[in-house]
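Undergrad: Chains as they are written, first to last, in this note's numbering: chain A, 1 to 219; chain W, 1 to 236; chain G, 1 to 223; chain D, 1 to 242; chain F, 1 to 242.
Treat the hints loosely; a few may be bogus.
[As the list claims (entries may be wrong)] Subject to a maximum C-alpha distance of 30 Å in a straight line, what follows is the list of computed DSS-like cross-link-like pairs (lysine-lysine):
(1) A:Lys114 - D:Lys109
(2) A:Lys114 - D:Lys75
(3) G:Lys19 - A:Lys211
(4) W:Lys179 - W:Lys231
(5) W:Lys112 - G:Lys19
(6) F:Lys37 - D:Lys131
(7) W:Lys50 - W:Lys112
(8) A:Lys114 - D:Lys230
(9) W:Lys180 - W:Lys216
(10) F:Lys235 - D:Lys182
(11) D:Lys230 - D:Lys20
(12) F:Lys75 - G:Lys54
(13) W:Lys33 - W:Lys46
(14) A:Lys114 - D:Lys37
(15) A:Lys114 - D:Lys108
(16) A:Lys45 - D:Lys80
(17) D:Lys120 - A:Lys114
(18) F:Lys120 - F:Lys131
(19) F:Lys75 - D:Lys37
(20) F:Lys37 - F:Lys80
(21) D:Lys10 - D:Lys20
(22) D:Lys182 - F:Lys37
(23) D:Lys112 - A:Lys114
(24) A:Lys114 - D:Lys10
Since the hints were made in silico from the structure, they are not lab data.
Residue-level listing of the chains:
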Amino acid sequence: MSDFTTWDILRNLLLSARWTVLLSIVSFVGGGLVGGALLFARIGKGRLGPAFARTYIELFQGTPLLMQLFLAFFGLGLFGIDVPAWLAAGVALILWTAAFLAEIWRGCVESIAKGQWEASSSLGMGYLQQMRWVILPQALRIAVPPTVGFSVQVVKGTALTSIIGFVELSKAGTMVTNATFEPFTVYGFVALIYFCLCWPLSKSSQILERKLNVAHRNH
Amino acid sequence: DALATIEAGKVIRIAVPQDFPPFGSVGADMAPKGYDVDVARLIADKLGVKLELVPVTSANRIPYLQTSKVDLVISSLGKNAEREKVIDFSTAYAPFFNGVFGPADAAVKEAKDLSGKTVGVTRGAVEDLELTKIAPADTTIKRYEDNNGTISAFLSGQVDLIATGNVVAAAILARNPPKKPEIKFLIKNSPCFIGLNKNEPALLAKVDAIIADAKKDGALDAISQKWLGAKLPADL
Amino acid sequence: MNYAFDFGWLADYWPVLLKGIGITVELTLVGGVLGIGLGIACAWARALGPGWLKPIVAAYVEMIRNTPFLIQLFFIFFGLPALGLRMGELPAANLAMVINLGAYGCEIIRAGIQATPRGQFEAGASLGMSRIETFRHVVLVPALQRIWPALSSQIVIVMLGSAAVSQIAAEDLTFAANFIQSRTFRAFETYVAATLIYLALAIALRQLLRGIGWTIFPKRAAR
Amino acid sequence: MSLIEITEVKKRFGDNEVLKGINIDVEPGEVIAIIGKSGSGKSTLLRCINGLETIDEGSISVAGAQLLPDELHLKALRLKVGMIFQGFNLFPHLTAGRNVMLSQMVVKKTPKAEAEVMAKKMLERVGLGHKFDAYPDQLSGGQQQRVAIARALAMQPIALLCDEITSALDPELVNEVLAVVKELASEGMTLMMVTHEMRFARDVCSRVVFMHQGRVHEIGPPEEVFAAPKTPELKQFLGVTH
Amino acid sequence: MSLIEITEVKKRFGDNEVLKGINIDVEPGEVIAIIGKSGSGKSTLLRCINGLETIDEGSISVAGAQLLPDELHLKALRLKVGMIFQGFNLFPHLTAGRNVMLSQMVVKKTPKAEAEVMAKKMLERVGLGHKFDAYPDQLSGGQQQRVAIARALAMQPIALLCDEITSALDPELVNEVLAVVKELASEGMTLMMVTHEMRFARDVCSRVVFMHQGRVHEIGPPEEVFAAPKTPELKQFLGVTH
Ligand SMILES: Nc1ncnc2c1ncn2[C@@H]1O[C@H](COP(=O)(O)OP(=O)(O)OP(=O)(O)O)[C@@H](O)[C@H]1O
Ligand SMILES: Nc1ncnc2c1ncn2[C@@H]1O[C@H](COP(=O)(O)OP(=O)(O)OP(=O)(O)O)[C@@H](O)[C@H]1O
Ligand SMILES: [Mg+2]
Ligand SMILES: [Mg+2]
Numbered sequence: 001m002s003d004f005t006t007w008d009i010l011r012n013l014l015l016s017a018r019w020t021v022l023l024s025i026v027s028f029v030g031g032g033l034v035g036g037a038l039l040f041a042r043i044g045k046g047r048l049g050p051a052f053a054r055t056y057i058e059l060f061q062g063t064p065l066l067m068q069l070f071l072a073f074f075g076l077g078l079f080g081i082d083v084p085a086w087l088a089a090g091v092a093l094i095l096w097t098a099a100f101l102a103e104i105w106r107g108c109v110e111s112i113a114k115g116q117w118e119a120s121s122s123l124g125m126g127y128l129q130q131m132r133w134v135i136l137p138q139a140l141r142i143a144v145p146p147t148v149g150f151s152v153q154v155v156k157g158t159a160l161t162s163i164i165g166f167v168e169l170s171k172a173g174t175m176v177t178n179a180t181f182e183p184f185t186v187y188g189f190v191a192l193i194y195f196c197l198c199w200p201l202s203k204s205s206q207i208l209e210r211k212l213n214v215a216h217r218n219h
Numbered sequence: 001d002a003l004a005t006i007e008a009g010k011v012i013r014i015a016v017p018q019d020f021p022p023f024g025s026v027g028a029d030m031a032p033k034g035y036d037v038d039v040a041r042l043i044a045d046k047l048g049v050k051l052e053l054v055p056v057t058s059a060n061r062i063p064y065l066q067t068s069k070v071d072l073v074i075s076s077l078g079k080n081a082e083r084e085k086v087i088d089f090s091t092a093y094a095p096f097f098n099g100v101f102g103p104a105d106a107a108v109k110e111a112k113d114l115s116g117k118t119v120g121v122t123r124g125a126v127e128d129l130e131l132t133k134i135a136p137a138d139t140t141i142k143r144y145e146d147n148n149g150t151i152s153a154f155l156s157g158q159v160d161l162i163a164t165g166n167v168v169a170a171a172i173l174a175r176n177p178p179k180k181p182e183i184k185f186l187i188k189n190s191p192c193f194i195g196l197n198k199n200e201p202a203l204l205a206k207v208d209a210i211i212a213d214a215k216k217d218g219a220l221d222a223i224s225q226k227w228l229g230a231k232l233p234a235d236l
Numbered sequence: 001m002n003y004a005f006d007f008g009w010l011a012d013y014w015p016v017l018l019k020g021i022g023i024t025v026e027l028t029l030v031g032g033v034l035g036i037g038l039g040i041a042c043a044w045a046r047a048l049g050p051g052w053l054k055p056i057v058a059a060y061v062e063m064i065r066n067t068p069f070l071i072q073l074f075f076i077f078f079g080l081p082a083l084g085l086r087m088g089e090l091p092a093a094n095l096a097m098v099i100n101l102g103a104y105g106c107e108i109i110r111a112g113i114q115a116t117p118r119g120q121f122e123a124g125a126s127l128g129m130s131r132i133e134t135f136r137h138v139v140l141v142p143a144l145q146r147i148w149p150a151l152s153s154q155i156v157i158v159m160l161g162s163a164a165v166s167q168i169a170a171e172d173l174t175f176a177a178n179f180i181q182s183r184t185f186r187a188f189e190t191y192v193a194a195t196l197i198y199l200a201l202a203i204a205l206r207q208l209l210r211g212i213g214w215t216i217f218p219k220r221a222a223r
Numbered sequence: 001m002s003l004i005e006i007t008e009v010k011k012r013f014g015d016n017e018v019l020k021g022i023n024i025d026v027e028p029g030e031v032i033a034i035i036g037k038s039g040s041g042k043s044t045l046l047r048c049i050n051g052l053e054t055i056d057e058g059s060i061s062v063a064g065a066q067l068l069p070d071e072l073h074l075k076a077l078r079l080k081v082g083m084i085f086q087g088f089n090l091f092p093h094l095t096a097g098r099n100v101m102l103s104q105m106v107v108k109k110t111p112k113a114e115a116e117v118m119a120k121k122m123l124e125r126v127g128l129g130h131k132f133d134a135y136p137d138q139l140s141g142g143q144q145q146r147v148a149i150a151r152a153l154a155m156q157p158i159a160l161l162c163d164e165i166t167s168a169l170d171p172e173l174v175n176e177v178l179a180v181v182k183e184l185a186s187e188g189m190t191l192m193m194v195t196h197e198m199r200f201a202r203d204v205c206s207r208v209v210f211m212h213q214g215r216v217h218e219i220g221p222p223e224e225v226f227a228a229p230k231t232p233e234l235k236q237f238l239g240v241t242h
Numbered sequence: 001m002s003l004i005e006i007t008e009v010k011k012r013f014g015d016n017e018v019l020k021g022i023n024i025d026v027e028p029g030e031v032i033a034i035i036g037k038s039g040s041g042k043s044t045l046l047r048c049i050n051g052l053e054t055i056d057e058g059s060i061s062v063a064g065a066q067l068l069p070d071e072l073h074l075k076a077l078r079l080k081v082g083m084i085f086q087g088f089n090l091f092p093h094l095t096a097g098r099n100v101m102l103s104q105m106v107v108k109k110t111p112k113a114e115a116e117v118m119a120k121k122m123l124e125r126v127g128l129g130h131k132f133d134a135y136p137d138q139l140s141g142g143q144q145q146r147v148a149i150a151r152a153l154a155m156q157p158i159a160l161l162c163d164e165i166t167s168a169l170d171p172e173l174v175n176e177v178l179a180v181v182k183e184l185a186s187e188g189m190t191l192m193m194v195t196h197e198m199r200f201a202r203d204v205c206s207r208v209v210f211m212h213q214g215r216v217h218e219i220g221p222p223e224e225v226f227a228a229p230k231t232p233e234l235k236q237f238l239g240v241t242h
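Kindly produce the complete structure, drawing on both the sequences and the hints.
TA: Below you can see the structure in the form of structure tokens.
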């Protein structure tokens, strides 16, 4: 029944993995930008910003990404807004990634010792100046490992875009399995490709973390 | 009016399955193929418009239709009263030779013998609807995401029996597994229908006409022979 | 919008939905409790355990964290029977969740252990406690307290991720949603309902975890 | 006119009234030591003067200008009054030189070259000219504290507030920091410092403030305060630590 | 027979020989003060005696039993010798009482009720009977250190090692801790303590050990060591900190 050779399977999976990579990059870059804005809203003064950011984060972290994608694509379609799949996927993934990154980064900013805020304000710096010159440069350094670590989740999260028609790695795996009925070969490859994409990210996050710990040993 | 739009735009968008052989699956080039795909081609040809295939899953095929991202769903849809409230169905375009299959030593001859047994089925497929109707109350029905899940569950012994199309059963046999599925009994022949949005009488009439023609001129029979290995039943 | 929302199906299908919620909750609780247990054991092994154990645990953690949950689930449910280990979809789903959370929990808890001041280990040792005793009585609770927010988030993530178990016919909330929409073709209504239920579960779970934190850790924060 | 005028200042944290009406006038060039038990409100007082805490009642004015809690007034104040902390609070991601340059460039918009010259000069003044390119974690505690002093001086304040700036230092390193402070004092800098170093307070300060339970319990020149404490609280305090 | 016999002990960290052959015999009931510059190896010596570091050469024996670096011997040793640290190292998640009870219950398998009685008694002994249910971060530094002492005492050691146990404390709190130690000494407890409190060393100790560059540079009764230091190093050391 199956006209797939093992090479066909692997080739098709690898081709579809391009989507996985592309979607990951888009959501990570976009999510980083939105997440940054969200971070400022979250830790900023005033009432509206933090409240908005908190609700946003609760919403996007509290519902399955699958449903977010579904609603972004079909839900808007229901209101006559015809969003192309790539746009819906991009936007949903970006918003989802942003919620997590903002939360990760908030932890980093808040881990900067209170003394840094006090010292910089006693030198006459304003809020934005403190952020720009004192807090963020330090927070950024400790943020790198958990951020890279989270990128693994993003890579795996892109699998859910199949609900709106993307044939990325996971979906290709399902399609090929349903054509070949060889789940072990196919899912074995799928797992392997995911591992090859994710493991370097995990590893570099660990290495960065170790480096930072060494650099901060003397504090 | 969807038909007018299709004819004006010279393109029809049809949702087809990609994980439900023999109705729709992919070839080595990842292009969709199968009974439903051929029917989609047939309809596009008869309308004289370009065909745009949209691969779908059981979870998103109806939303695609409802948000007008496709004009038709040809995805081996079974019909029930609830579904008819939401979308319209054409006349039947495909038979569904499905039955309950199990290992030789399973003593099952009819629906009531399923009592106490565990049966695997693909969620939302025609056989799921039918089996749910006819199986005794104490039958455990396990509903998997796709055919592959159903087959894997059978081969790994997670279920005693499966309800599926005979072509799928043949696919299992072709792999020469330790556990060979034998037909136990046929589920009432439950045909498949093409789904389309409500309030599109022109399109519905056109699709029905095309199917009627295809039944007459043998085009549908050829598709049936090709993918199901059987003649189109006369009563369809 | 020319689509009329209709939640009439709720009348017929709410038992399915309710059962789905029940199973999702059960999976989360069992997975959460046992997963944290496994995470603690692995974190101990990686941070303080014997040398031969470290690479084994590390391999386990890396394997789980770098592959999709769904595929882990498939291997447990469809793959293990080939090795003579067959279990139903619920035990398989539970096992997969425990293994998954165990790996993530391991890394989170390990960070908590490694942030323990050396003085705490030394104080334990100088009082005559063995390494295990020191870990159990001195290090563990403050370490958990330190990373409790991160661990809580991870448990919520695992809860949301449990949706994948519907693919092996475990009848969780996502299964219920898919089942209902496959019967009624009312995908929007079911998915919107499911999303709201997930949101409520996530908020409740977070609250529950916060409450647990409040009761098991001393109120005045450990530094 | 006094340089720093503190009038009837009260400060509460929730129900806890930490400052209960403080009055101190500091003349230009004075060196004030603030002593007192832990929790008596010494740090809070300094923090109020620097605007890190807002006061609930009373007023504080520096060089004639009233302290008001908006960004603009605060910034103006902080340009006049520098503050140094127990924990140094150097910026760990910047070298010593950059630590000193940063606020000049950011707050005063001093051009980089100029800020660098100033930073060199200030680091030299605290005896650390050669450590311009060292990062904080490559410096000893005493050196870090001296960089912090240089950083505050670079803003050319008219007064410096020092909160237990030697408490986190090993005994050997205390002296190098105190030597710097002593020199500042002799150059005429106005200083208010919370300190536990009684000998230093006695030798260098013009006046000593003894705080007790949120009040200025005794105030006077060190000879008086140390040699003839009037209140039993001060007697006990001096007896304990001395 | 001496209670603690330290013979030709050497300890290296990599290339850095931190202890270069230490010999000290401590008699039962003796109170030994160890003084010396930062880095001279004082802490390392105490840590070796408690088995927190393994020694490279030489031998240490306590109450006649040789110190061997396996879990069993170490545990036996640590039941005999308690240690108290500069940073208190109380267990932050346990109340003061639980801190004192824990090791009894875990290590000695003392029943809970009994451990509680002992904990009460020990906390009372350090003047903190009323703080049984307070968590460490609700206690002042001095109180925390006294709990740490009670915790060590609850194991009924025959000797106590104290490593700069007052260095992290505010001056006001130093005395309350030293008073407790003084009382222990007068009750006949054998003590070895690293300290910077020269007055205390002079008043309470039977012998003073001056360490310099990993060696015992001078040793003798406090009157001799403080009043008539023989070596220039000790003279300089006493000059600096005193
Ligand atoms: N941010 C704050 N919130 C609540 N209470 C505070 C705060 N800062 C200080 N306090 C309280 O105010 C009182 C005075 O604190 P302050 O730090 O001024 O004392 P201090 O004299 O500097 O003591 P120390 O010598 O320990 O530094 C204390 O009781 C303290 O608990
Ligand atoms: N774990 C270690 N690894 C490497 N070197 C160490 C270690 N512990 C101590 N040292 C080194 O051993 C030497 C002696 O240290 P030790 O802590 O015993 O000195 P000390 O006399 O207690 O000093 P201080 O008064 O500062 O506490 C120092 O040079 C120190 O750097
Ligand atoms: Mg203070
Ligand atoms: Mg030491």
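Undergrad: Which of the stated hints cannot be reconciled with the structure, identified by number in ascending sequence?
TA: Going through the list in order, the structure violates hints 3, 7, 8, 9 and 19 and respects the others.
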